[in-house]
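> Each protein sequence line maps, in turn, to chains A, B and C. Okay, so the first sequence: first residue is 6 according to the working numbering, each after it adds one. Okay, so the second sequence: first residue is 792 according to the working numbering, each after it adds one. Okay, so the third sequence: first residue is 671 according to the working numbering, each after it adds one.
Keep in mind the hints are simulated off the structure, nothing from the lab. These numbers were taken from a predicted model, which means no experiment stands behind them. Here a beta-carbon is modelled for each residue, glycine too, at the ideal position from N, C-alpha and C. Fair warning: there could be bad hints in the mix.
[Claimed, not checked] As a list, the in silico PhoX-like pairs of lysine-lysine whose alpha-carbon atoms are at most 20 Å apart: (1) C:K727 <-> B:K980; (2) C:K908 <-> C:K1139; (3) B:K1147 <-> C:K790; (4) B:K1069 <-> B:K1194; (5) C:K798 <-> B:K1147; (6) B:K980 <-> C:K908; (7) C:K802 <-> A:K77; (8) C:K908 <-> C:K937; (9) C:K790 <-> B:K1159; (10) C:K937 <-> C:K891; (11) A:K82 <-> A:K108; (12) C:K876 <-> C:K803; (13) C:K908 <-> C:K876; (14) C:K937 <-> C:K876; (15) C:K908 <-> C:K881; (16) C:K785 <-> C:K694; (17) C:K748 <-> C:K785; (18) B:K836 <-> B:K859; (19) B:K973 <-> A:K77; (20) A:K108 <-> A:K77; (21) B:K1207 <-> B:K1159.
[As the list claims (entries may be wrong)] Taking CB as the label site, the calculated pair distances span: (22) A:D56 <-> B:A1018: 56 to 62 Å; (23) A:S7 <-> C:H845: 29 to 35 Å; (24) A:E147 <-> B:K1159: 20 to 26 Å.
[To be verified] Partial pick of chain C residues on the chain A-facing surface, computed with a CB cut under 10 Å: (25) R826; (26) E830; (27) T834; (28) S835; (29) E836; (30) F839; (31) F840; (32) Q841; (33) G853.
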Amino acid sequence: MSLAFSEETRAKHDRLLTRYPNREAAILPTLYLAQREFGHLSDEVILYVADLLGFTPARIYGVATFYTMYNKKPVGKYHLQVCRNLSCSLMGAEHLIEHVAMKIGVKPGETTADGRFTLSTVECLGSCGTAPVMQVNDDYYENLTEESIDAILDGLR
Amino acid sequence: MELVLTKHFGNERYRHLDTYTELGGYEALRKAFSMSKEAIVEEVKKANLRGRGGAGFPAGVKWGFLPKDLSRPRVLVINADEGEPGTFKDRLIMSRGPHLLIEGIVITCYALETHVCYIYIRGEFAREERILQEAVDEAYAKGFLGKDILGAGFDLDVTIHRGAGAYICGEETSTINSIEGKRGWPRVKPPFPASVGAFGRPTIVNNVETIADVPWIVTHGGDRFHALGGAEKNGGTRLVGVSGPVNRPGIYELPAAVSLREVIYTHAGGLKDGKTLKAVIPGGSSTPVLKANEIDVTFDIESMQKAGTMTGTSGVIVIPEGTCMVRALSVLMNFYAHESCGQCTPCREGCGWLAKILHRIENGQGRKGDVALILDVCDHMMGRTICALADAAVMPAQSFIWKFREEFDQHIRDQKCPYGNRF
Amino acid sequence: MPNFTLNGISVDVPDGTTILQAAKTVGIEIPHYCYHPKLSIAGNCRMCLVEVEKFPKLQIACNTHVTEGMVVKSNTEKVKEAVTGVLELMLIHHPIDCPICDQAGECGLQIYYMKYGLHKSRYALEDKVHKKKVQDIGGQIVLDAERCILCSRCIRFLQEVTHTSELEFFQRSNHSEISIFPGEPLNNNYTGNLADICPVGALTSKDFRFKCRVWFLRGAKSICPGCANGCNVEAHFKGDILYRFQPRQNDEVNQTWMCDPGRLEYKRANDARLLTPVVREDGSPRAASWEAVFSAVAFRLWETMEKDGPESVAVIASPQFSNEELYLTRKLAEEVLRTPNLGFSPRTPGNGISDDFLIKADKNPNTRGAQLLGISEEKFEDIVRKVAGGKVKALLVFGNSIADFSEEETERLLADVPFVVQVGTNEGVVSRAAHAVLPSASFVERGGTFTNHAGRVQRFWMGFPPRGKSRNAIEIITGLANRLGAGWKFAGESSVFRAITGSEAPFAGMSYESLGESGHVAGGKG
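Please model the complete structure; the sequences and the hints are all you need to start from.
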C-alpha cells in the first residue's frame, strides 16, 4: 500500500493506542489523524486504517460514514459550516447563508472552483448565545453579521 | 447569590492550574481524600444534585447503581457532547473553568473507586478540547492526575476522546459505543451501563456540569448545595442559557427554582428591538414549548414537569412574535431527522416522515389530514424506541401543534406560509 | 424456574428466558424480525412490543427476561396498534417489488402485513428514499438495499458466526444502508445463510434467483450429502426437480446453518442422472428393462463365481450410500457372493477443504456408517491391486466414481475388467465404462439414515419417488440377491434398519422413532 502515516503521526498513533484497552477504541481518533494527514477519507485511506488497526474496511467505513465530521470527499481549504438550527435561524442565519452563497458563488454542499471554500449548513454548534455562528475548519466565528462575515471570508486566503 | 461554578469565569487565567489553586482550587479534593467514599456519595445525595445533561436523574442515586463487588474495574465517562439545540453551558465550563471539571472528576472517581475516566467531547469543540487537554496536562504535571494523586495513594487516568459530529452521542450508551470505536448507536437496555458499560465494565456517565458541581458540594456540604436550589428535590444552581433575540443572550448561573420570567426579562434583559414574546422553549429543543403566557413557572425539575414541559438542559430559546411556528418546527424536525442514528424503526422512519410532512406544510403543499397524521406518527414513535431521541422529536412536534394549531391549519388551508417562508 | 402469565396462560420457564422465547414454548406468536435464536439481541425492529404489568411503556419481548409473577399481554388493542404502527413505519420506504421479488411467499413483511397491517399507505411514492438495487456482493448473494429493513441479522451473522464482518451499516438516519465496502465482497463459505436469515428480499440467493415461486415448492427433511458433517437440511422441490437446500435446525450438528458448497449439492439430483437401466452388449449401451438387467447381471455374476470362484468377484461399496444400503451391500458380498473382496474408500475427487466450523474434509455423508458396519478401507486398496493385476473378473461398483481417481485412472482401472456393474445415480466415467448400469434413487427419492463424522445416525426422508426408472438401492440389492437365490424379504428402509439394530452393536437400541429428527450418536468403534 502506498499510503502511510508519517513517522510523527505514527508516533502520535502509538501513544494514543496506550490510552485504550483495545485497538477498536482507537478507530475514531485514528480516523482524525488520517483525515489530517491525507486530506479526506478516501476509499484508499479507509483500507489503510482498516489494515493498520486490524478491522475489515466495511467496519471502518461504517464508522466513518456515521459521523458528519469525517469527510469522505475532499473539502475546500476552508470548510464554512454555518449553523441552521433554531436559535441561529431566529437570529438571521438563513440570510447569512444566502449571503455567503452569493458572495462565493456556490450553494450549500458545494465547493468553489478554486478549491478555496466549501459551504455547508450544519446543525447546532453549541454556541447559541452568540448566534448566528459559523465554524470554519476548527474555529468558531460568532455573533455574525453580513459585514463581519465579509471580513472573515476576505481574510481567509 | 452564591455562585458554585462561574465565580471566577471572568478571570482569563482561571483555566490555568496556578490561578485555579490560588483561588482555592483543589482544596475540595484534599478534603475529599480525608473523607470516606461513602461520606462523599452521601453528601452528593443530600445535595439533590440532579443530572445536568437533560434527564435530571439524581447523581447520587445513579452512582449507587454500581455493583458492590470491586473485581471489575470501573469507568467514569464525562458527557461533554453538548449538542442539544439551545444549550451552550458545558462549553463555558470547559473553556473558562476546566480544572473545576477535573477536580470534580478526581473526587468522583475517588468516591466510586474508579481509576479510568474518558471525557467525551463533541468533535466541533476543537478549541475547548485544546484548553481542556492543556488543563489535563497541567494536572498530570503537578500530581493532580496520574499515579498517587497528592500522595493519597489514588491513581487516575483521564483521556479526552473526541466525538466526530453526532448529536445522538449525547445519549449515554451511545457515548459509550462511540468511545469503544463504534457507530454511535445507543444500546438496548438492560443491561444498564452501571453493570455493563464501556469495554464491558461498570460505567457511570455524567454531564460536565454535574461533575463540576461536586467540588463545591464536598467543600460546603450537600445540605447547603440543596438549599441553594430553592426547590425540594432540585439542589444547587444551574447554568441557564438564553438564546434568541434578547438583549443579553448568554449563560446565567441561577438557583434551580428561578422563575422563567425572571430569566428572560431580568437576567437576559427581555426581547430586543421592541419585539414581544410569542413562545419559549425552556430546556433545549426537546422540551415542550411554552406560550408567552405560560412562563410564570419555576425552573426546577418537578415544577416544570407539572407545567407540562421539562427543565432539560436549561437551554432557553426565546421565540418572538412574527416567527412562523411551522417554520420553526420544520427546522427542529430537520434536526432530528438528520441526527437519528437509524438503528430502530420508529425513530429512523418517523423522524424522516415528520420532517417531510412539515416541509410540505411550510412550503404551501400541506394536505388535509396532515396535522392528524403528524400526531399519529408521533404516537407511534413515543416510548417505542431504544432511546429517547424519538421522544425528543415528538415533544416539540406535539407541543407546537397543540399550542399553535391554528398556524398549521392556516398553512394548509391557504396553501402558503403567511410569514413568507422566512424567519 | 420463574412462572409468569402470558395472555392469561400460566407458563413455567428456565431462568434467563425472555418473553419472546417463552411465548414460543406455548405456541404464541410474538411478531419479530431482528431476533434470531442463534444471534445476539439487537432490539431494533421494535415489532415484538408487549404490555408488561408495572411498566409504563411497552417493552420488547426479545430482551425482557421473565421474572416470577410477571404478567404479560401480547394480544391487547394497545399492542396490536403498536405493532401496526411499527409495520407501517417499516413499509414507508419499502419498494413495491413483490411481483418480482424472490422472497414473495416467505417474506416477513408480507406475512406480518396480512396479519397485523392491512392498512393503506399514507406515504407518497415520490417521497420514498431510493437505494441501490441488484448488487452482486459476492458469495451466493444478491443485495437489494431498498428492500432492507435494517434488522442487522446479516451483520450479526457475519460478526458472530463467520467472524468475517464483510457487511456493515453505512450512513445514518433514514439513509442508513447495509452494504459491503467497494471491492471487498463476501468472502466466506457460509454466505448462503444470509438469504435464509434475511426476513425480506434484501439478501437473496443468486442460485435460486427467479427460478421458482416458493408456494409451488414442497419440502422433504434430508441430510446434506456434501460431506461428513451431516448438516440437517430441507430439500425443496417441484415435481421431481430439486430447487434448493435450506438448513434445518439441529443444535448438535449445524445449529441453523449450512455451508455454501453443500447448498449447491441439490443439483446432483437434477443433473446428468442415470434414469434408466442400461446393458452394454458388443460395446454399445442399450436401455433395458429392470427384469432384463437383473437377469443379465445375476447370470453373469453366478457364471463368474462358478468359473473363477468367488474371489474373482469384488464389491466396491460407497460412503455416499445410506446405512441401510451399505448393510445390504455387505450382506450381498458376504452371504450371496461369498467374496472376501468388499471395501470402500472415503477419498473423493476434488478439493478436500475443511474448516473449524461445519465443513469436513471427507466429502461423503456416510463414511462413519461404512466403518461402523464393518466395511474395510484396507480391503479397498487390496481390491484395487487385484483389479490392476487382472484377478477380478466381475466388479460391482457402488457410486459414480472410485475413490479420488481421475477419469483417466478410473478408465484404465476398469478397462480390462470383463464385467463391471454400476449401481449409481449420475453419469460419469464409471457409467461409461460399466457393462450394466443399475440407476439408483438420489437423496430425496428414498428414506434412510447416514452416520456423520461424530457417529451421529440421522434420518432423511423421501420427498418424491425415484426419478425416471431409477429405483431405491435397497430394492436393487434385494432384487439382485434374490435373483441369486437369497430369499430376502426386506420391505423398505425401516425393515432394513431394524435388522441393523438387531445385529450391529454400534446401532443397538436405536429405532427410527428414537432417532426422531435430530439423530442419535452410535456407540462403539468400527
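> Indicate, hint by hint, whether the structure satisfies it.
Status of each hint after checking the structure:
As the CA atoms of C:K727 and B:K980 are separated by approximately 13 Å, the hinted pair is consistent with the 20 Å bound. Our distance criterion of 20 Å between C-alpha atoms is met by C:K908 and C:K1139, whose separation comes to about 18 Å. Between B:K1147 and C:K790 the CA atoms are separated by roughly 19 Å; this keeps the pair inside 20 Å, and the hint holds. A C-alpha spacing of about 11 Å is found between B:K1069 and B:K1194, which places the hinted pair at or below 20 Å, so the restraint holds.
This hinted pair checks out: C:K798 and B:K1147 have alpha carbons roughly 10 Å apart, not beyond 20 Å. Restraint check for B:K980 and C:K908: the C-alpha separation of about 46 Å exceeds 20 Å, so the hint is violated. Distance hint between C:K802 and A:K77 is fulfilled; the C-alpha atoms sit about 19 Å from each other, no more than 20 Å. Our distance criterion of 20 Å between C-alpha atoms is met by C:K908 and C:K937, whose separation comes to about 13 Å.
Pair hint C:K790 plus B:K1159 holds up; C-alpha atoms about 16 Å apart against a cutoff of 20 Å. Straight-line distance between C-alpha atoms of C:K937 and C:K891 comes to about 16 Å, which keeps the hinted pair within the 20 Å bound. Between the alpha carbons of A:K82 and A:K108 the distance comes to roughly 17 Å, so the proposed pair stays at or under 20 Å and holds. Distance restraint check for C:K876 and C:K803: the Cα-Cα separation of roughly 14 Å lies within the 20 Å cut-off, and the hinted pair is therefore satisfied.
At roughly 19 Å between alpha-carbon atoms, C:K908 and C:K876 fall within 20 Å of each other, so this suggested pair holds. Of the pairs offered as hints, the one joining C:K937 and C:K876 holds, with about 14 Å between alpha carbons and a cut-off of 20 Å not exceeded. For the proposed pair C:K908 and C:K881, the alpha carbon gap of about 11 Å is at most 20 Å, so the pair holds. Annotation: proposed proximity of C:K785 to C:K694 holds, straight-line Cα distance about 17 Å (limit 20 Å).
Between the alpha carbons of C:K748 and C:K785 the distance comes to roughly 16 Å, so the proposed pair stays at or under 20 Å and holds. For the hint linking B:K836 to B:K859, the alpha-carbon distance of about 18 Å falls within 20 Å, and the restraint holds. Distance check on the hinted pair: B:K973 and A:K77 sit about 17 Å apart at the alpha-carbon level, within 20 Å; holds. Taking the CA atoms of A:K108 and A:K77, the gap is near 26 Å; set against the 20 Å cutoff, the hint is violated.
Using a Cα cut-off of 20 Å, the hinted pair B:K1207 and B:K1159 holds, with the two alpha carbons roughly 14 Å apart. In this structure the hint that A:D56 and B:A1018 lie 56 to 62 Å apart at CB holds, the actual value being about 59 Å. The supplied range of 29 to 35 Å is met by A:S7 and C:H845, whose beta-carbon atoms lie about 32 Å from each other. Restraint check, A:E147 to B:K1159: a C-beta distance of roughly 43 Å breaks the suggested window 20 to 26 Å.
Of the supplied interface hints, the one on C:R826 is violated, with its beta-carbon coming no nearer than about 13 Å to a beta-carbon of chain A, more than 10 Å. Using the Cβ-Cβ criterion of 10 Å, the hint placing C:E830 at the interface with chain A is not satisfied: the shortest such distance is roughly 14 Å. For the restraint placing C:T834 at the interface with chain A, the shortest Cβ-Cβ distance is roughly 7 Å, inside the 10 Å limit, so the hint holds. Against a cut-off of 10 Å between C-beta atoms, the interface hint on C:S835 holds, since the closest Cβ of chain A lies about 4 Å away.
A least Cβ separation of about 6 Å between C:E836 and chain A falls short of the 10 Å threshold, and the interface hint therefore holds. The closest approach between the C-beta of C:F839 and any C-beta of chain A is roughly 5 Å, which is under the 10 Å cut-off, so the hint is satisfied. The interface hint given for C:F840 holds, since its Cβ lies 5 Å from the closest Cβ of chain A, which is under the 10 Å cut-off. The criterion of a C-beta within 10 Å of any C-beta in chain A is met by C:Q841, whose closest approach is roughly 5 Å, and the hint holds.
The beta carbon of C:G853 comes within 8 Å of a beta carbon in chain A, closer than 10 Å, and the hint placing it at the interface holds.
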